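Under full-length UniProt numbering, the first residue of the sequence shown is numbered 1, with each subsequent residue one higher.
Simulated from the structure, these hints should not be mistaken for lab results.
Worth double-checking, as some hints may not be accurate.
To be verified - Restraint-style ranges between C-beta atoms, simulated for each label pair:
1) 303 x 226: 32 to 38 Å
2) 220 x 468: 17 to 23 Å
3) 63 x 435: 36 to 42 Å
4) 52 x 401: 16 to 22 Å
5) 117 x 273: 45 to 51 Å
6) 93 x 198: 35 to 41 Å
7) 63 x 504: 58 to 64 Å
8) 48 x 434: 49 to 55 Å
9) 63 x 260: 21 to 27 Å
10) 468 x 283: 30 to 36 Å
11) 177 x 428: 24 to 30 Å
12) 198 x 242: 19 to 25 Å
13) 280 x 509: 18 to 24 Å
Claimed, not checked - Derived SDA-like pairs: lysine to any residue, alpha-carbon spacing no greater than 20 Å straight-line:
14) 417 x 303
15) 417 x 459
16) 417 x 472
17) 417 x 362
18) 417 x 58
19) 417 x 511
20) 417 x 317
21) 417 x 504
22) 417 x 517
23) 417 x 283
24) 417 x 457
25) 417 x 246
26) 417 x 258
27) 417 x 62
These figures come from a predicted structure and were not determined experimentally.
We put the CB at the ideal spot given by N, CA and C, even for glycine.
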Amino acid sequence: MLTSHADARTVPAIAGTVATGLAVGVTELAAGLLPGGASPFVAVAGRIIELTPGPVVELAISVFGGANRLVLLLCMAVGLLAAGALLGIGAAARRWLGPAGLGGIATLGIAAGLAAPAVPALVAVAAPAAGWGLGAGLLLVLLARSEAGGAEAGEHAGDQPDEDHAGPDEPERPRRSFLAVAGAGAVLAVASAGGGRYLQLRAAARRARTNVRLARPATPLPPPPGTASFDIDGLASLVTPNEDFYRIDTAVTVPRLDADSHTVRVTGMVDTPLEIGYRELVRAADTEADVTLACVSNEVGGSLVGNARWQGVPLADVLDRAGVHPEATQIVGRATDGWTAGFPVEAAYDGRPALVAVGMNGEPLPEEHGFPARLVIAGLYGYVSDTKWLAEIELTTFEAYDAYWIPRGWAERAPIKTQSRIDVPREGAELNAGTVTVAGVAWAGVRGVEAVEVAVDGGDWREARLAGELARTTWRQWAYEWDATPGQHRIQVRATDGTGRTQTGERSGTIPDGATGHHTIEVTVTR
């Protein structure tokens, strides 16, 4: 290769890695330049999530939280570059292996893109094809330069030194040429990948949420009363700011949708199938509701729960326009990427807040929380109800269709369980002896919270103070004044819902229908 001392595998491995990086980068750039572009790379990640068993996804969420998508993308990038290195080594011996291997990677991208509803067919095919062409071309150029350098080095090795013609830089020229091309390819790979993502997001951001003005609610809800919240440092706010609201879903990147062209279809077991434009939904969105949402993946004491004021169209109104068949038992919400959630038809009609929502805390839905439209169904875990980026509402039966998470081991029906959480003090806190405020939040789906109790060191349960109730469908803040004495202490909390049923202390995991148990922390009190 380039010198007699170079590892024969290192140089082609570098060539393959750089060429693969360029192929991925050009694919992203082409996707950003083409109309309606969406990343085939992200589409592959989406397919990986879709095919991953539920317990593995649950483990990833519990370990990485909202960063699980980023971790997946990073692992994919590392895996692709490693595969590229192997392709480079193979292509050094059999030249056809390089273009063929890169072609196989491109084919995976094309297949995933064509299977993803959010990726236009032109982008799904053209972007990976462009990446393959430039990546394969660069690989062949780099391998040719490395072999030319090896041949030149061999010729010089057989010559006698010529003080008049040989210079100290002569053996370095092939190495420099190879490194220059490889370096340029690496820079171009990074720049094209970054530029492609920027173009995709910029174009989508222009389309999304532009000039959207929410309708004035027919009966606006009053501002949350001061009695509904305590002024305690570290306590979760009564209304969760949009930027702090938890996000757990299978979308690898946030869909960027065009509000002007977006529609929501109503299909299946209905008299009259409908297609409702986003602007029509906004004009009809005259209902507000305060609703606490919770993820079934939320561990006891976890943060995958939040409270917001939602604005939208009552789901019952939409269904009544279509005319639901009496045999229908399940409502399936389908996202733009094909993800689905299903819940009983009666949840749209039993009086709980059930909205096709377009607003969150007084503004159009943030993109990461479902813009342009989503479902918000009070009292049900999100995996069976709260479809974001809503594209279709299908009426069917539970026997006829299993939504996304059901074949993956999760329960078909999943009402939110009564839960409570200690926000202050934090686990492991060191406190001064004397009066210590213990505070947190409790929630119980649509049943409301009637009482919260605290126990210290396994002692009697003591009733905590409750802030005023904003709505039966929201969490309530609570506080307890504890006379702390020096030493190590264990603090537990439990809640009782509006039906009089007290939260169980029996510990269970999140699968199949939500965790149970009392949130418990340990603290140290000093003199």
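Structure-based check of each hint:
{"no.": "1", "hint": "303 x 226: 32 to 38 Å", "in the structure": "violated, 25 Å"}
{"no.": "2", "hint": "220 x 468: 17 to 23 Å", "in the structure": "holds, 19 Å"}
{"no.": "3", "hint": "63 x 435: 36 to 42 Å", "in the structure": "holds, 38 Å"}
{"no.": "4", "hint": "52 x 401: 16 to 22 Å", "in the structure": "holds, 21 Å"}
{"no.": "5", "hint": "117 x 273: 45 to 51 Å", "in the structure": "violated, 18 Å"}
{"no.": "6", "hint": "93 x 198: 35 to 41 Å", "in the structure": "holds, 39 Å"}
{"no.": "7", "hint": "63 x 504: 58 to 64 Å", "in the structure": "violated, 26 Å"}
{"no.": "8", "hint": "48 x 434: 49 to 55 Å", "in the structure": "holds, 53 Å"}
{"no.": "9", "hint": "63 x 260: 21 to 27 Å", "in the structure": "violated, 40 Å"}
{"no.": "10", "hint": "468 x 283: 30 to 36 Å", "in the structure": "holds, 34 Å"}
{"no.": "11", "hint": "177 x 428: 24 to 30 Å", "in the structure": "violated, 58 Å"}
{"no.": "12", "hint": "198 x 242: 19 to 25 Å", "in the structure": "holds, 23 Å"}
{"no.": "13", "hint": "280 x 509: 18 to 24 Å", "in the structure": "violated, 43 Å"}
{"no.": "14", "hint": "417 x 303", "in the structure": "holds, 15 Å"}
{"no.": "15", "hint": "417 x 459", "in the structure": "violated, 25 Å"}
{"no.": "16", "hint": "417 x 472", "in the structure": "holds, 14 Å"}
{"no.": "17", "hint": "417 x 362", "in the structure": "violated, 28 Å"}
{"no.": "18", "hint": "417 x 58", "in the structure": "holds, 18 Å"}
{"no.": "19", "hint": "417 x 511", "in the structure": "holds, 13 Å"}
{"no.": "20", "hint": "417 x 317", "in the structure": "violated, 28 Å"}
{"no.": "21", "hint": "417 x 504", "in the structure": "holds, 10 Å"}
{"no.": "22", "hint": "417 x 517", "in the structure": "holds, 10 Å"}
{"no.": "23", "hint": "417 x 283", "in the structure": "violated, 34 Å"}
{"no.": "24", "hint": "417 x 457", "in the structure": "violated, 25 Å"}
{"no.": "25", "hint": "417 x 246", "in the structure": "holds, 18 Å"}
{"no.": "26", "hint": "417 x 258", "in the structure": "violated, 36 Å"}
{"no.": "27", "hint": "417 x 62", "in the structure": "holds, 19 Å"}
Going down the numbered hints, you'll see the structure goes against 1, 5, 7, 9, 11, 13, 15, 17, 20, 23, 24 and 26, while the others check out.
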